[in-house]
Amino acid sequence: MKSPSSPAGEAEARAIQDELRARVVLDEPGPPPGTGLVTGVDVAYDDARDLVAAAAVVLDAATLAVVEEATAVGRVAFPYVPGLLAFRELPTVLAALESLSADPGLVVCDGYGQAHPRRFGLASHLGVVTGLAAIGVAKNPFTFTYEQPGPHRGAVSPLLDGAGEEVGRAVRTQDGVKPVFVSVGHRVSLDNACAHTLRLAPGFRLPESTRRADALCRRALREAVGAGFGTGA
DNA sequence: GCGACAG
DNA sequence: ATCTTGTCGC
1 MKSPSSPAGE AEARAIQDEL RARVVLDEPG PPPGTGLVTG VDVAYDDARD
51 LVAAAAVVLD AATLAVVEEA TAVGRVAFPY VPGLLAFREL PTVLAALESL
101 SADPGLVVCD GYGQAHPRRF GLASHLGVVT GLAAIGVAKN PFTFTYEQPG
151 PHRGAVSPLL DGAGEEVGRA VRTQDGVKPV FVSVGHRVSL DNACAHTLRL
201 APGFRLPEST RRADALCRRA LREAVGAGFG TGA
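Under UniProt numbering, read the first sequence as residues 1 to 233, first letter to last.
Please note: incorrect hints may appear among the correct ones.
Quick list of the computed label-pair ranges, beta carbon to beta carbon [what the hints assert, rightly or not]:
1. GLU147 to GLU12: 34 to 42 Å
2. GLU28 to PRO82: 27 to 35 Å
3. SER157 to PRO202: 44 to 52 Å
4. GLY226 to ARG153: 36 to 44 Å
5. ALA11 to SER157: 30 to 38 Å
6. ARG75 to PHE204: 26 to 34 Å
Hints are computed from structural coordinates only; laboratory data are not their basis. We put the CB at the ideal spot given by N, CA and C, even for glycine.
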């Protein structure tokens, strides 16, 4: 039982990240934007009942039509700690992904990949554990800095860490709307990650993959609570 | 030492 | 993440 999926504490979780980080692949371009399948994943919480619901929504990358959906419900296994988000979200997300019959293709995560204090955010962790190509699209820049991209859709600017290294990009997906923060997870180049993000967000700030997964996991959580998942044995 | 900090 | 009314606008 090496590299346990549920670490006992924060120190162990960081040690797991440091160990798994060596397996991240950064020299593959990944699937060409607009081809094959793209899968969005997201989770919703009910802290009072200690429940977490995850959703995986598979889209046709060319048309953005929904190909397949899956959900999973479980118990929260780890608290929210900045930098350790994967340990909170991944167990349930993996359960949802495993119940898909389609090959997920490129996985789009709600959070970061390489833009992470130890270069091993949620998207990199998911990619290494599953072997799938993965990217992270986050709504906030976390501790990283960036210059405002141009005002129009498609404008980008580097997302920089404290040493001035580019760990991702701020990508303007809609005219005059706050950018999203894209970083590589596993087996995808940063250029392709940004291109995928733009294609996935033709009409809204966030990628359709993320929007669909967000709506689905919220619904799954409501239904789980309604069915009494938080109650007795 | 304290605060900030993806979701 | 989540708690939450009305309101502005296409």
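Hints, verified against the model:
1. Remark: the range hint 34 to 42 Å for GLU147 to GLU12 is upheld by a beta-carbon distance near 37 Å.
2. For the hinted restraint 27 to 35 Å between GLU28 and PRO82, the CB-CB distance of approximately 29 Å keeps it satisfied.
3. Our hint of 44 to 52 Å for SER157 and PRO202 is violated, since their Cβ atoms are close to 21 Å apart.
4. For GLY226 and ARG153, the hinted distance range of 36 to 44 Å is satisfied, since their beta carbons lie about 39 Å from each other.
5. Against the hinted window of 30 to 38 Å, the Cβ-Cβ separation of ALA11 and SER157 comes to about 35 Å, which satisfies the hint.
6. Taken as a hint, the range 26 to 34 Å holds for the pair ARG75 and PHE204, whose Cβ atoms sit roughly 32 Å apart.
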